[in-house]
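Could you build the full structure based on these sequences and the hints that come with them?
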Amino acid sequence: AQSVAQPEDQVNVAEGNPLTVKCTYSVSGNPYLFWYVQYPNRGLQFLLKYITGDNLVKGSYGFEAEFNKSQTSFHLKKPSALVSDSALYFCAVRPHGSGNTGKLIFGQGTTLQVKP
Amino acid sequence: DVKVTQSSRYLVKRTGEKVFLECVQDMDHENMFWYRQDPGLGLRLIYFSYDVKMKEKGDIPEGYSVSREKKERFSLILESASTNQTSMYLCASSEGSDQPQHFGDGTRLSIL
Chain A
160 AQSVAQPEDQ
170 VNVAEGNPLT
180 VKCTYSVSGN
190 PYLFWYVQYP
200 NRGLQFLLKY
210 ITGDNLVKGS
220 YGFEAEFNKS
230 QTSFHLKKPS
240 ALVSDSALYF
250 CAVRPHGSGN
260 TGKLIFGQGT
270 TLQVKP
Chain B
31 DVKVTQSSRY
41 LVKRTGEKVF
51 LECVQDMDHE
61 NMFWYRQDPG
71 LGLRLIYFSY
81 DVKMKEKGDI
91 PEGYSVSREK
101 KERFSLILES
111 ASTNQTSMYL
121 CASSEGSDQP
131 QHFGDGTRLS
141 IL
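So the sequence lines, in the order shown, correspond to chains A and B. Residue numbers for the first sequence, in this note's numbering: 160 to 275. Residue numbers for the second sequence, in this note's numbering: 31 to 142.
Honestly, the hints are just simulated from the structure, not real lab data. Misleading hints may appear alongside valid ones.
Which bits of chain B does chain A cover? Going by a derived footprint, with three or more residues having C-beta under 8 Å, they are [as the list claims (entries may be wrong)]:
{"id": "1", "segment": "75–85"}
{"id": "2", "segment": "118–127"}
{"id": "3", "segment": "130–137"}
Ideal placement from N, C-alpha and C gives every residue a C-beta, glycine not left out.
Printed below as a string of structure tokens:
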């Protein structure tokens, strides 16, 4: 079955330290991968995507993610965390066979807590 | 900027009622989606639509139906609301498979 896994329910980091939010996927074919962020009482906001090309993708708010085909991972990273980065983060992948419908499979989400 | 608007932020209904959740997008996107979000379960796809009057079941369609009479509007219908449908409902739209989905701010629905 095609799926996305975010192995950590919560990640805690100190402000100014680097952060990593993990994501692994299982899909057939070439994956289209996305990261979203959700602040309280809001919808999801798009951060970045990997479709093809350079394995290191840069996105909004200083976030980046590295596509690793051999490890089937797409971890989200930021060199220096801010308290305002505290939010719920979702990884998503386009399932094989979904054509151009834009359908995505989402992970269960990881809460990032950045402490001052 | 793409705007996806959900008609209500908060809604309280009673069991057995027929409930309509409305979603409108302003970017002429072909694809629209309805999800429910529950703690620890992430986003689960209820229904999606890739064209006017076209719809496909997602992962949890039971107890729900949808309507897409116009390209910009995608409605989610709870035929006979039950307490286990208390949840946050999110609508999204997208242009295609290599483009991100754009989300509304959600409707927090409580069924009493």
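Tested hints:
1. 75–85: Contact hint for the segment 75–85 of chain B vs chain A: holds, 3 residues under 8 Å.
2. 118–127: Per the Cβ count (6), the hint holds.
3. 130–137: holds (count 7)
Comparing the model with each numbered hint stated earlier shows that all of them hold.
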